[in-house]
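Protein chains: 4
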Amino acid sequence: MRAQVHYHQVDQMGIVHHAQYAYFLEQARIQWLTDQGISYAALEKDGILLPLRDISIHYSQPLRFEDNFLVHLVLEKTTDYAIDFFYTIEREDGIKIATASTKLVYVDAVSRKAIKCPAVLQAIFQDK
Amino acid sequence: MRAQVHYHQVDQMGIVHHAQYAYFLEQARIQWLTDQGISYAALEKDGILLPLRDISIHYSQPLRFEDNFLVHLVLEKTTDYAIDFFYTIEREDGIKIATASTKLVYVDAVSRKAIKCPAVLQAIFQDK
Amino acid sequence: MRAQVHYHQVDQMGIVHHAQYAYFLEQARIQWLTDQGISYAALEKDGILLPLRDISIHYSQPLRFEDNFLVHLVLEKTTDYAIDFFYTIEREDGIKIATASTKLVYVDAVSRKAIKCPAVLQAIFQDK
Amino acid sequence: MRAQVHYHQVDQMGIVHHAQYAYFLEQARIQWLTDQGISYAALEKDGILLPLRDISIHYSQPLRFEDNFLVHLVLEKTTDYAIDFFYTIEREDGIKIATASTKLVYVDAVSRKAIKCPAVLQAIFQDK
Chain A
1 MRAQVHYHQV
11 DQMGIVHHAQ
21 YAYFLEQARI
31 QWLTDQGISY
41 AALEKDGILL
51 PLRDISIHYS
61 QPLRFEDNFL
71 VHLVLEKTTD
81 YAIDFFYTIE
91 REDGIKIATA
101 STKLVYVDAV
111 SRKAIKCPAV
121 LQAIFQDK
Chain B
1 MRAQVHYHQV
11 DQMGIVHHAQ
21 YAYFLEQARI
31 QWLTDQGISY
41 AALEKDGILL
51 PLRDISIHYS
61 QPLRFEDNFL
71 VHLVLEKTTD
81 YAIDFFYTIE
91 REDGIKIATA
101 STKLVYVDAV
111 SRKAIKCPAV
121 LQAIFQDK
Chain C
1 MRAQVHYHQV
11 DQMGIVHHAQ
21 YAYFLEQARI
31 QWLTDQGISY
41 AALEKDGILL
51 PLRDISIHYS
61 QPLRFEDNFL
71 VHLVLEKTTD
81 YAIDFFYTIE
91 REDGIKIATA
101 STKLVYVDAV
111 SRKAIKCPAV
121 LQAIFQDK
Chain D
1 MRAQVHYHQV
11 DQMGIVHHAQ
21 YAYFLEQARI
31 QWLTDQGISY
41 AALEKDGILL
51 PLRDISIHYS
61 QPLRFEDNFL
71 VHLVLEKTTD
81 YAIDFFYTIE
91 REDGIKIATA
101 STKLVYVDAV
111 SRKAIKCPAV
121 LQAIFQDK
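Residue numbers (our numbering), protein chains in the order written: chain A, 1 to 128; chain B, 1 to 128; chain C, 1 to 128; chain D, 1 to 128.
There may be inaccurate statements among the hints.
Partial selection, computed: residues in chain D whose CB lies under 8 Å from chain C [what the hints assert, rightly or not]: (1) V5; (2) Y7; (3) H8; (4) D11.
No lab work stands behind these hints: they were computed from the structure. We put the CB at the ideal spot given by N, CA and C, even for glycine.
From just these sequences and the hints, can you work out the full model?
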């Protein structure tokens with residue numbers, strides 16, 4: 001995923017506020033799903049939610065307004081109940097900005113209980 | 001509604017980002033409803049949504065990190081289909097920060113069609 | 001400016017939260033300046049700030065998650081002390097989502113006083 | 001730190017968006033500093049920045065609109081170059097919502113280089 005820093009994402013230190021990275025990771029995950037042929041909007045309409053269980057971000061260098069950057073995402077592990085992604089954020093010129101990891105779980109939209117990995121996602125993971 | 005400026009609400013000009021004011025107004029509206037005995041969460045559960053139709057904000061002076069401020073809200077007009085509020089934002093020391101107005105409409109959560117002012121809100125407006 | 005609705009921009013009504021539109025307009029303005037050969041980051045480094053004085057948004061139809069949309073921007077008026085833009089937001093399929101207008105003023109970054117339109121911007125406005 | 005969930009913090013799953021927790025933690029840290037007699041705004045004016053180096057959040061249960069919650073903060077470790085905090089977020093009724101940890105570093109506002117723990121903060125840490 002490629003993006004550019006927007007004005008409102010920068011705090012009074014003149015750097016992208018650390019909370020914004022959670023949005024960058026989310027956007028990269030949804031883009032990755034789209035690239036695999038899965039619409040996250042359609043998943044939710046089918047009653048499957050993927051809330052976050054864990055997030056961890058290590059900040060190496062700051063991003064500034066108008067910086068272009070890339071988020072690389074790797075599917076690290078899948079189990080019956082969770083997906084783990086690992087992320088690297090790089091500025092366009094190759095400077096390493098941050099690394100991160102997330103664990104998502106599968107939840108039924110109605111019962112709000114944990115469910116096993118839905119078939120539509122299993123099919124993707126088997127190809128990886 | 002009284003509040004204090006949080007760090008993340010400030011942009012790289014060192015002032016509260018203008019979009020944050022929309023959140024302040026929303027918080028003041030919901031607080032006002034609570035003060036009238038109406039829970040906005042309960043309204044939504046009853047299938048009544050109050051989306052924004054219009055917003056207008058005039059910024060006079062900036063707010064900075066750790067500033068304390070007040071949002072005063074006046075119910076300006078109610079019709080069968082809309083509520084208009086007018087807001088004044090002041091810094092704790094009396095400096096006028098901004099004025100604003102909003103128009104909210106009533107929408108049925110299922111059909112997503114405009115509906116008339118629900119009885120529970122009419123009862124409040126009659127007392128004003 | 002073209003963009004897609006991100007997950008975090010949507011509220012529990014299932015529509016883009018109204019405050020997010022202020023970010024869309026900001027992004028469109030900065031893109032417009034870039035298209036005219038002006039970097040907003042460079043303007044700020046030169047000590048020129050363009051804070052918002054007024055914003056007004058009229059919401060016609062909601063945007064939903066994964067919707068693609070366009071923000072059209074027109075330079076409406078320039079005076080010695082302010083620039084007015086008018087915006088139209090459309091969903092990709094042509095549905096009109098919102099219209100908006102903003103007034104920005106010129107401020108010296110050090111004194112924080114209003115200044116006249118800087119030469120670099122005047123040059124652009126004369127061509128319009 | 002006590003707070004209530006605002007409407008705009010909730011996503012279309014009907015739960016507080018995970019990125020918002022980074023703001024809650026920040027607010028709790030700044031409140032803790034205030035309680036120790038340190039104004040974070042004053043620190044910044046003195047040229048001392050405390051950017052985040054690491055954040056890690058584990059989400060146990062979701063927060064919903066209008067939920068009241070508490071953020072408990074413990075100073076976990078201080079070294080010459082970093083402060084580690086540990087956080088517990090609880091709903092008002094005692095349900096455990098999340099745990100988190102952060103590492104902040106000291107940076108000189110002008111050189112943007114890492115600096116040793118400033119004297120004003122050392123004085124606090126010695127009392128702990």
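Now the hints, each set against the structure:
Because the closest C-beta pair between V5 of chain D and chain C is about 11 Å apart, greater than 8 Å, the hint is violated. Because the smallest distance between the Cβ of Y7 of chain D and any Cβ of chain C comes to about 7 Å, under 8 Å, the interface hint for this residue holds. Hint on H8 of chain D holds. Least Cβ distance to chain C is approximately 5 Å, under the 8 Å limit. Because the smallest distance between the Cβ of D11 of chain D and any Cβ of chain C comes to about 6 Å, under 8 Å, the interface hint for this residue holds.
Hint compliance for this structure: hint 1 alone is broken.
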